[in-house]
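The task is simple: from the sequences and hints, build the whole structure.
Protein chains in written order, with my numbering: chain F, 1 to 299; chain G, 300 to 633.
Since the hints were made in silico from the structure, they are not lab data.
Since we're looking at a predicted model, the values are computed, not measured.
One or more hints might be untrue.
What the hints assert, rightly or not - List time: in silico SDA-like cross-link candidates among lysine to any residue, alpha-carbon distance up to 20 Å:
hint	chain 1	residue 1	chain 2	residue 2
1	G	K352	G	R369
2	G	K495	G	T478
3	G	K495	G	G459
4	G	K352	G	L336
5	G	K495	G	L506
6	G	K495	G	P462
7	G	K335	F	L100
8	G	K335	F	L154
9	G	K335	F	G155
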Amino acid sequence: MLSSTRVSATRATVRAAGAGFLALSLRRLTRMPAAWIGGAIVLLLLAVALAGKGATPFDPLRIAPADKLLPPSLLHPFGTDDLGRDLLSRVVAGARISLLVGVLVLAIAMSVGVGLGLIAGYWGGWMDEVIMRTTDIFLSFPRLVLAIAIAATLGAGLYNAMVAVALSWWPWYTRLVRGQLLSLREHEFVQAARSLGAGRPRILVRHLLPNVGTTIVIQASIDFGYAILATASLSFIGLGAQPPTPEWGSIIAQARNYMIDAWWFPTFPGLAIFLAVLGFNLLGDAIRDAFDPRLRSSR
Amino acid sequence: MARFILRRLFLLPPLLLGVSLLLFTLTHLVPADPAKLIAGEHAGPAELATVRKAFGLDRPLPEQYAIYLRGLARGDLGTSMRTNSAVLDDLRTYFPATLELTAAAMLTTVAIGVPLGMIGAVGRGGVPDILAQFASLSGLSFPIFVFGLLMQLTFSRWLGWLPLAGRLAIGDSPPARITGLYTIDSLLTGNLAGFKTALIHLALPTLTLALASLAPTARMTRSTMLEILGQDYVRTAWAKGLAPIRLYLRHGLRNALIPIVTILGLQTSALLGGVFIVELIFAWPGLGLYSVQGIVSLDYAAVMGTALLLTGLYVAVNLAVDVTYALLDPRIRY
Numbered sequence: 001m002l003s004s005t006r007v008s009a010t011r012a013t014v015r016a017a018g019a020g021f022l023a024l025s026l027r028r029l030t031r032m033p034a035a036w037i038g039g040a041i042v043l044l045l046l047a048v049a050l051a052g053k054g055a056t057p058f059d060p061l062r063i064a065p066a067d068k069l070l071p072p073s074l075l076h077p078f079g080t081d082d083l084g085r086d087l088l089s090r091v092v093a094g095a096r097i098s099l100l101v102g103v104l105v106l107a108i109a110m111s112v113g114v115g116l117g118l119i120a121g122y123w124g125g126w127m128d129e130v131i132m133r134t135t136d137i138f139l140s141f142p143r144l145v146l147a148i149a150i151a152a153t154l155g156a157g158l159y160n161a162m163v164a165v166a167l168s169w170w171p172w173y174t175r176l177v178r179g180q181l182l183s184l185r186e187h188e189f190v191q192a193a194r195s196l197g198a199g200r201p202r203i204l205v206r207h208l209l210p211n212v213g214t215t216i217v218i219q220a221s222i223d224f225g226y227a228i229l230a231t232a233s234l235s236f237i238g239l240g241a242q243p244p245t246p247e248w249g250s251i252i253a254q255a256r257n258y259m260i261d262a263w264w265f266p267t268f269p270g271l272a273i274f275l276a277v278l279g280f281n282l283l284g285d286a287i288r289d290a291f292d293p294r295l296r297s298s299r
Numbered sequence: 300m301a302r303f304i305l306r307r308l309f310l311l312p313p314l315l316l317g318v319s320l321l322l323f324t325l326t327h328l329v330p331a332d333p334a335k336l337i338a339g340e341h342a343g344p345a346e347l348a349t350v351r352k353a354f355g356l357d358r359p360l361p362e363q364y365a366i367y368l369r370g371l372a373r374g375d376l377g378t379s380m381r382t383n384s385a386v387l388d389d390l391r392t393y394f395p396a397t398l399e400l401t402a403a404a405m406l407t408t409v410a411i412g413v414p415l416g417m418i419g420a421v422g423r424g425g426v427p428d429i430l431a432q433f434a435s436l437s438g439l440s441f442p443i444f445v446f447g448l449l450m451q452l453t454f455s456r457w458l459g460w461l462p463l464a465g466r467l468a469i470g471d472s473p474p475a476r477i478t479g480l481y482t483i484d485s486l487l488t489g490n491l492a493g494f495k496t497a498l499i500h501l502a503l504p505t506l507t508l509a510l511a512s513l514a515p516t517a518r519m520t521r522s523t524m525l526e527i528l529g530q531d532y533v534r535t536a537w538a539k540g541l542a543p544i545r546l547y548l549r550h551g552l553r554n555a556l557i558p559i560v561t562i563l564g565l566q567t568s569a570l571l572g573g574v575f576i577v578e579l580i581f582a583w584p585g586l587g588l589y590s591v592q593g594i595v596s597l598d599y600a601a602v603m604g605t606a607l608l609l610t611g612l613y614v615a616v617n618l619a620v621d622v623t624y625a626l627l628d629p630r631i632r633y
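And the structure:
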């Protein structure tokens, strides 16, 4: 009876401390102008993506040869492309794709990277050695070069490109998680859990994973914009989304041949990528600074 | 120091082995058949068999890898199935173009990024600082391929100041080959007209490639300088009445160099990735263009050769960074 009261009291304290940290960090976040600007851009992007087809004035795939390469006007604010498709509608449709790309790339990179990082950091020994030497090999390439190589292997296509970007990114998460686990695993609460008979999977998932959670989320919020950028780059090279998919990088690749006569063709989708990446970068940096001021760097 | 360098160089062969294994597995997982690509759509089974035999594609995979490794040990990177020449010769042709572009971009990064960061730190919170910070964040978020296209539109199509693409104008012959870097070769042979052509062709791709690296460099310089300018010895220097320029350069920048060199080393990786896209946009005949074409035509040997060369280069840059630390700070010994 007594011990259970004490345990629940401790739990309440812990929870209060956690809530305090969250509240404090959020308060710090709301005081940063970068967070507001970034947040506004991200919200706009989300709204546009969620509104989806209802928000586009035209069908993004509707071909109208008579309207080809029209400059921006009231009817077509971003102009039209070489097949007479409305560029505003295509850019709006691209927002949905790019957000999905960011989420999926990070989900894959994180599940592989965090999983292996937990294993390497907690087990140690030869398992650690094998996993970390593998990350060394992956990290010995420039990231984009590796993504290009993997995408080429898998074959051109949006989903393959996302997998390729994710596979070139997991080692960063592995290193991050492993580094933290090396110190975490020596903590008393891990010993306590072990002495109570908790198995390795339970210790990993219930005790260690929540402790690295903040770091992972911070890293993911910084990486989100780059995930969009990297996948768009693959599409631009021709290894990602294929026409007629209204993916931003792929629209710009098509625009290359017409840009001399139609400056609006590559410019508006280009600005869309820029704005999306800028928004996530601003927000990601602000979240890092607010939640972990020690990590605050290069600003 | 010599022992440290040797120890690091000893780690290179196992790393290259790992990279070659990873790439070999990756490239041979491709479901497409390179023999079909070489022999053509309508080739009969007999012709396919001949092509397979000629390139050793008929052997089991582990044996193919063993053959590749045996060649590698002799310095033979195999034969490109697309250009039909030795990969080593191809690399010799294409690598100088990439090296010239990357080196020029790195110089630009240092020449613009470091002063930009210093301006930010010295005039902290002022208009130049805010402008510099905004510029660096924008540079970080701007897709390199959009920037490249906009540069082409602005400087070649509208203003007509700079050439659209390529290393030389059509009809120009390259300078006598000494290093393969056109700017340096033309200078060495006293060919000033050639130097000018090489330089104006280099300008746009270099600026485009440098864009992504400028921002991190400027940001790192700014934050490190800010930290150093708050130190006691800097206050002492002020109190002694040292001229500001001397103070910022001798006391500030000199001590900020280690983190700056670190970030520059990391930027090499970004540059080597970006060079693929920049070469594609500006039709720059370098490794990026070579290997992207190699990827499309399933030219395994070409892709592997390029990757091994880039890995070696990357390791060399990291080693150079570590050696620079010791040169910059006498307290660092290996």
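Results for each hint:
1. G:K352 with G:R369: Holds - the C-alpha atoms of G:R369 and G:K352 are around 18 Å apart, at most 20 Å.
2. G:K495 with G:T478: Judged against 20 Å, a Cα distance of about 17 Å means the pair holds.
3. G:K495 with G:G459: Holds - the C-alpha atoms of G:G459 and G:K495 are around 16 Å apart, at most 20 Å.
4. G:K352 with G:L336: Roughly 15 Å separates the two Cα atoms, so the pair holds.
5. G:K495 with G:L506: holds, 17 Å
6. G:K495 with G:P462: holds, 12 Å
7. G:K335 with F:L100: violated, 36 Å
8. G:K335 with F:L154: Given that 20 Å is the threshold and the Cα spacing comes to 18 Å, the pair holds.
9. G:K335 with F:G155: Since the Cα atoms of G:K335 and F:G155 sit roughly 17 Å apart, the hinted pair holds (cutoff 20 Å).
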